[in-house]
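S.K.: Sequences listed follow chains A and B, in order.
Positions 318 to 736 (this note's numbering) are the ones given, in order, by the first sequence.
Positions 318 to 736 (this note's numbering) are the ones given, in order, by the second sequence.
The set of hints was computed from the structure by calculation and includes no laboratory data.
Don't take every hint at face value.
A pair counts as met if it fits within one copy or between any two copies, since identical chains are not told apart.
Listed next, the in silico EDC-like pairs over lysine to aspartate or glutamate satisfying Cα-Cα at most 20 angstroms (straight line) [unchecked claim]: (1) LYS363 / ASP332; (2) LYS441 / GLU460; (3) LYS541 / GLU651; (4) LYS363 / GLU565; (5) LYS527 / ASP728; (6) LYS447 / ASP379; (7) LYS363 / GLU341; (8) LYS527 / ASP612; (9) LYS734 / GLU366.
One letter stands for each residue in the lines below.
There are 2 protein chains.
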Amino acid sequence: MPILVMKFGGTSVADLDRIRNAAEKVRAEVQRGYDVIVIVSAMAGKTNELVGWVESTGPFFDAREYDAVVSSGENVTAGLMSLTLQEMSVPARSWQGWQVPLLTTSAHGAARIEDIPREHIDQKFAEGMKVAVIAGFQGISPEGRITTLGRGGSDTTAVAFAAAFAAERCDIYTDVDGVYTTDPRITHKARRLERIAFEEMLELASLGAKVLQTRSVELAMRYKVRLRVLSSFEETDETSGTLVCDEEEIMESNVVSGVAYSRDEAKMTLVTVEDRPGIAAAIFGPLADAGVNVDMIVQNISEKDYEGHSGAVTDMTFSCPMNQVATARRAVEEARNAGRIQYDDLVVDTEVAKVSVVGIGMRSHAGVAARMFAALRDENINIKVISTSEIKISVLIDRKYMELAVQALHDAFELEKSA
Amino acid sequence: MPILVMKFGGTSVADLDRIRNAAEKVRAEVQRGYDVIVIVSAMAGKTNELVGWVESTGPFFDAREYDAVVSSGENVTAGLMSLTLQEMSVPARSWQGWQVPLLTTSAHGAARIEDIPREHIDQKFAEGMKVAVIAGFQGISPEGRITTLGRGGSDTTAVAFAAAFAAERCDIYTDVDGVYTTDPRITHKARRLERIAFEEMLELASLGAKVLQTRSVELAMRYKVRLRVLSSFEETDETSGTLVCDEEEIMESNVVSGVAYSRDEAKMTLVTVEDRPGIAAAIFGPLADAGVNVDMIVQNISEKDYEGHSGAVTDMTFSCPMNQVATARRAVEEARNAGRIQYDDLVVDTEVAKVSVVGIGMRSHAGVAARMFAALRDENINIKVISTSEIKISVLIDRKYMELAVQALHDAFELEKSA
Chain A
318 MPILVMKFGG TSVADLDRIR NAAEKVRAEV QRGYDVIVIV SAMAGKTNEL
368 VGWVESTGPF FDAREYDAVV SSGENVTAGL MSLTLQEMSV PARSWQGWQV
418 PLLTTSAHGA ARIEDIPREH IDQKFAEGMK VAVIAGFQGI SPEGRITTLG
468 RGGSDTTAVA FAAAFAAERC DIYTDVDGVY TTDPRITHKA RRLERIAFEE
518 MLELASLGAK VLQTRSVELA MRYKVRLRVL SSFEETDETS GTLVCDEEEI
568 MESNVVSGVA YSRDEAKMTL VTVEDRPGIA AAIFGPLADA GVNVDMIVQN
618 ISEKDYEGHS GAVTDMTFSC PMNQVATARR AVEEARNAGR IQYDDLVVDT
668 EVAKVSVVGI GMRSHAGVAA RMFAALRDEN INIKVISTSE IKISVLIDRK
718 YMELAVQALH DAFELEKSA
Chain B
318 MPILVMKFGG TSVADLDRIR NAAEKVRAEV QRGYDVIVIV SAMAGKTNEL
368 VGWVESTGPF FDAREYDAVV SSGENVTAGL MSLTLQEMSV PARSWQGWQV
418 PLLTTSAHGA ARIEDIPREH IDQKFAEGMK VAVIAGFQGI SPEGRITTLG
468 RGGSDTTAVA FAAAFAAERC DIYTDVDGVY TTDPRITHKA RRLERIAFEE
518 MLELASLGAK VLQTRSVELA MRYKVRLRVL SSFEETDETS GTLVCDEEEI
568 MESNVVSGVA YSRDEAKMTL VTVEDRPGIA AAIFGPLADA GVNVDMIVQN
618 ISEKDYEGHS GAVTDMTFSC PMNQVATARR AVEEARNAGR IQYDDLVVDT
668 EVAKVSVVGI GMRSHAGVAA RMFAALRDEN INIKVISTSE IKISVLIDRK
718 YMELAVQALH DAFELEKSA
C-alpha cells in the first residue's frame, strides 16, 4: 500500500468534534487506498497550559522534566484520535514517541530526530492496521528519557515520518487553506498558490509566513518529501491546498511567487566604524552571543578619511526584530567598552518594516529588482536598506508604507494571475 | 539510606500551590535522612476530564487507548513535582510507569502489578538523587503498551513500591488526617486511631470508609508494608495520622476499633425457596454474572412443609447496594423464568442501612455481639439481618435509625477512650 502522512495541528484537534472531523479526512484517505500515518499536536491551548505550569515551578527548570510534562498533551490527542478512528471502524492504534521509537538527541526542549526505525509500525500495517496515530513533537533520548522537538515540532515529526516511510506525500492540515501570493488581509487580490518550490516556501517561512515551520520545510527539501498545506475546516480533495515540492515538479512559474512582509523590524547603524579585516566578526559575534536575530546586513564602504580616524572607515547597518533592540544595543555597547570595536554613533530606527519578493523564477529573469524598485518609486516609498539572495529581494521601508508597498508589488508582478 | 514511600492523591496535588506544599513534606523527610519515592496522582479533576473525552468517542472504546490517554494526568503531576523539588534544591527526577519499568499484566484498565525491577532507581539513588517521583496508577504491559491499574491504582502503586524497595513505611497523604473510630460527621466523639491492624482497615475499607482502597490494604497486608494515612493539609510529624500495621505492632487494643456504616443498602428476600443442595449457587450465580455486589447473605432454614411445596423450603435474604436493586431483580426473575430457581415472592426493602463494629480484639473477647445487640435494643432499633465475620459484626437496620445506631455503638464500646 502507498503510505500517506497527515498532520493535524492544535486548532484542528481542539475538541472532540474537531478530532472527529479530522478523523473523517483520515478515513477518506484510507478509502482511497492509503495506509496512513497521522501526526497530531496537543489540543489547542493545552501545551501553553502545561508550559505555564512548568514555568510556575521556578525560573531555572530542568528541561528533561519540562519535556516529560509538556509532551503529555500530544499523548492525549493521539489516543483520542485512535479511538475516534476505531469508532468509525478504521483499524488504528496510537504510538507515543518512545513507543515508535522516535530516536532523538538528548537536547531536551529542542531535540533533533536521529532515526525512526520502521519495524513496529510496518509490522502493524502488515497485520491489517490502516492508521498509525503518532503523538507529535516528541521522542526518546539515548538515556531513555522523553524529549521534545521544540515549537513546530509536530510539523517536523510529520516530515520525518514521511521521509522514513517513503510516503507519497505529507499533508499538513491547518487553519488556512494554503499558501498565498501574499497576506489576503492586505490585498484581496492575494491568490492561493497551487504549487510552490521548497526554496520559495523556506524564504516565505523565514519572512514570517506562519503556515509552516522553517525547520520542517528544510527537512522536506533535504529528503524530497512532497508537502501539502491545506485546511482542516473545509471540504478537501486531491486538488486542495498548496503543494510544496521540488522545483522540477513546477511546470511553469511566475517570475515572482509571492510578496512577504515583516512588520516589526528595527534598523541599527554603527556610524564611522573602522574598516579593517575582522570588523564584521567583532560586531556580529557579540550580537549572536546575545541571541539577537540579525537579519539584513549592509556595509557602506568608504575610502574617505574622517576626522580622528587614521584608516578607512565605513557605516555598518543591520536589521533585527524590534523587541531585540535593547539587547542588541547592550551587546554593541559592551563590545565598545571592552575596546573590541569603535564607532562614533549608534543610530536606531524602530519605525521600519521589511517587504520582500520571492520567486525561483527570478534566477533566470533579469530586471526583477529594477521592476521592484520602480514600483516602490511610483508610490513615493523610500528604500532604506536593500538585501538580496538568489530567489529573494528584501527592502526596509518606513513601516507606515508597508501595506501600500505589498499591494504595489503584488500588482507590479501580476500575482493575481496564475502562471 | 532508609527508604520512605510517600503518596499524594489528587486533592493533594490539585494545583501548583498544593504541589509545593506536598514537596515541602517530601523535603522534610529527605532532611530526616530518607531516600524518598513519591507516588503522585493526577491533579484533581484531570482524570475525570480525560475519561470523559474517551467515553465521548463512543460506547465501545479500546481499553489500550483508554489507558494511553488517561495515564497522561499522572505524568504531568510527576514532572511538576520533580521540578518543584529541584527548585527547592532537592535532587529529584520523575519516572513514568514504562520508564521504571512497572511491569503489569495486559488487563488494560485494571492491570495487576507483576514486578518492579529496582535497578534504574537504585542506581540514581546511588548517584545522589534523593527523590524518585513516580507517576502513579500506570505501568507497561508485556506488549509494551501503557496500562492503568484502575481506580485507587495510585495507592496500590505506592504499596507495591514500598514492598519492592523494602521501605520503612508508606505514607498516604490525603484530605483526612487519619482513620477514625467512626465518621466524625455522625458523632463528635469520633477519635482518630493512632494504629489500626490491616485486617481492621480492610473491613473498614470494604464497609465504605473511603480513606484507602481495599486492594492497596490487601497488598500492604500481604507484604507487611506499614501504611500511614495522614493529611496533606496540616502540619505533620512522626506521630501524625494513623498507622495501618501488623496486629503484632499494636500493643494494646480496644475490643472494637471502629463503627462503620453504609447508608444506601437494600435487602432482598426470596420467599419460600426450595431448600436443596445447589440452591445458593443457582441464585447467586446469576447475580454475580449480572455484576451485583451481594454483601450479606442469610438463609433461614425451615423444615416446615409449605403448601404446594413437596420438600423442605427456606427464605433466602441478601443485601446489595440500593442502586443495583433493578439489576438484581432482573437477574433473579430471569433465573426463575429459565426454570433454574423457584420462589413464591421477591420482597425488596430499600430503606435499610448497614452498621458494623470492627475490631481484632473481638476474637479473644466473648460477648461483643451481645453488647452490640443490647445497645441497639436500648434504643429500640430493630435488627433485620445479622452477619458476622471473625473481626466484624454487621447488622441491617432501618435507614432512619442509622446515625442513632452509630452513636449508641460508639458509646457502648467506649471508643472515645483510647486503649
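S.K.: With reference to the structure, classify each hint as holding or not holding.
M.R.: Hint-by-hint comparison with the structure:
no.	hint	verdict
1	LYS363 / ASP332	both (11 angstroms within a copy, 16 angstroms between copies)
2	LYS441 / GLU460	between (26 angstroms within a copy, 13 angstroms between copies)
3	LYS541 / GLU651	neither (44 angstroms within a copy, 66 angstroms between copies)
4	LYS363 / GLU565	neither (40 angstroms within a copy, 50 angstroms between copies)
5	LYS527 / ASP728	neither (23 angstroms within a copy, 73 angstroms between copies)
6	LYS447 / ASP379	between (38 angstroms within a copy, 16 angstroms between copies)
7	LYS363 / GLU341	neither (23 angstroms within a copy, 28 angstroms between copies)
8	LYS527 / ASP612	within (17 angstroms within a copy, 63 angstroms between copies)
9	LYS734 / GLU366	neither (44 angstroms within a copy, 50 angstroms between copies)
Consistency note: the structure conflicts with the earlier hints numbered 3, 4, 5, 7, 9.
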